[in-house]
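*Asks:* These protein sequence lines are chains W and G, in that order. If you're matching positions, the first sequence starts at 1 in our numbering and goes up one per residue. If you're matching positions, the second sequence starts at 1 in our numbering and goes up one per residue.
Misleading hints may appear alongside valid ones.
Said to hold, decoys possible - For the chain W half of the interface with chain G, some residues (derived, Cβ under 10 Å), not all of them:
1) G7
2) D14
3) Y28
4) E45
5) W47
It is worth saying that the hints were derived from the structure and are not from the lab. We put the beta carbon where it would ideally sit given N, CA and C, even for glycine.
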Amino acid sequence: MKRLVVGAHYGLMDWLAQRVTGVLMAIYTVIIFAAMLGGATASREAWQAFMANGFIRFITFLFIISLCYHAWVGVRDIWMDYVNPAAMRVILHVLTLLALVGYAGWAVQIIWRL
Amino acid sequence: MTNAARTVHFKIYRYDPDQDAKPYMQDISVEIESTDRKLLDAMVKLKAQDDSISFRRSCREGVCGSDAMNINGKNGLACLTAMDSFPEGKPIVLRPLPGLPVIRDLIVDMTQFFKQYNSIKPYLINNDPPPERERLQSPEDREELDGLYECILCACCSTACPSFWWNPDKFVGPAGLLAAYRFIADTRDQATSDRLDDLEDPYRLFRCHTIMNCVDVCPKGLNPTKAIGKIKEMMVRRAV
Ligand code: SF4
Ligand code: SF4
Ligand code: FES
């Protein structure tokens with residue numbers, strides 16, 4: 001059977017999440033640039049002290065999660081646009097998810113270690 | 001005013017599936033007069049000279065939407081494109097609307113386009129018995145339909161939209177979505193929620209990436225991107 005099907009009835013939340021995570025990342029970038037201008041990256045010690053701050057850790061974690069979610073929606077959009085066979089799309093979606101989850105875990109480990 | 005004739009050069013996409021193995025571009029020139037103000041006038045002259053050149057046209061005033069084509073790389077209506085808008089001395093390049101199957105020369109198969117249009121149920125759904133005269137709207141409610149009902153379904157927008165090129169079978173496309181919002185915005189329509197349900201889909205609506213090619217080409221000056229934005233906004237208001 002080769003009937004065309006649409007009507008998955010999702011997409012709004014992902015679309016909205018992509019906007020929200022985009023805004024979060026923009027705010028984080030501004031904060032980091034401001035901190036860099038303020039000398040937070042002048043030395044390794046300054047950088048470490050900066051990252052030890054609870055609030056900075058909190059927003060850095062949010063940034064990583066936002067980045068991954070944002071990338072998930074964006075990369076999935078690319079697969080949906082350009083890859084036609086459904087089986088190929090499934091494989092690419094799964095690989096993308098695995099890669100992003102792996103990156104998120106790795107990134108968290110790095111900040112925790114600092 | 002003089003009626004001075006001048007020669008205009010064209011490069012036209014030609015393809016007759018019965019005769020040609022492949023499409024090719026034909027160089028051809030035609031004498032036009034100053035009264036031939038629009039591209040369509042010149043094309044009618046061209047057709048008189050070589051009647052194998054095929055294109056659709058009817059109203060010659062931007063109402064029927066049949067003479068949409070790709071003019072110097074940009075979709076538009078031949079009947080609304082002024083001859084003096086073209087740079088002097090360069091040939092005018094005419095191609096069929098991109099992304100749709102070519103039937104012959106500048107004539108494309110619009111089936112896919114109309115299928116998407118039909119899929120949004122482009123008619124008023126109201127189960128109340130019709131009143132004796134008409135269903136009324138306040139002037140403000142009526143105003144919401146401005147910029148939506150004027151669409152002539154020429155397909156300039158959808159065939160300029162990369163998302164429609166990649167998924168014409170699943171993505172409704174700007175023209176269909178503009179029409180969808182025309183009924184979603186209509187206070188006399190009772191199927192608003194069903195319409196939103198139908199469009200809340202990663203392909204049908206969310207393939208639009210706000211590239212805005214549609215706005216750039218619409219010969220009626222309509223803004224499908226804005227209509228799409230309003231549909232998304234309504235979905236958000238409904239969900240949160
Ligand atoms: S704004 Fe959306 S519908 Fe319009 S051309 Fe871009 S992707 Fe297509
Ligand atoms: S929105 Fe504009 S370009 Fe698109 S079909 Fe309607 S009139 Fe044509
Ligand atoms: S001929 Fe009708 S729109 Fe151009």
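*Asks:* Now look at each hint and say whether the structure bears it out.
*Replies:* Consistency of the hints with the structure:
1. G7: holds (6 Å)
2. D14: W:D14 check passes; min Cβ-Cβ to chain G is 8 Å, inside 10 Å.
3. Y28: Given a least distance of 23 Å, the restraint on W:Y28 is violated.
4. E45: violated (45 Å)
5. W47: Violated. Min distance 37 Å.
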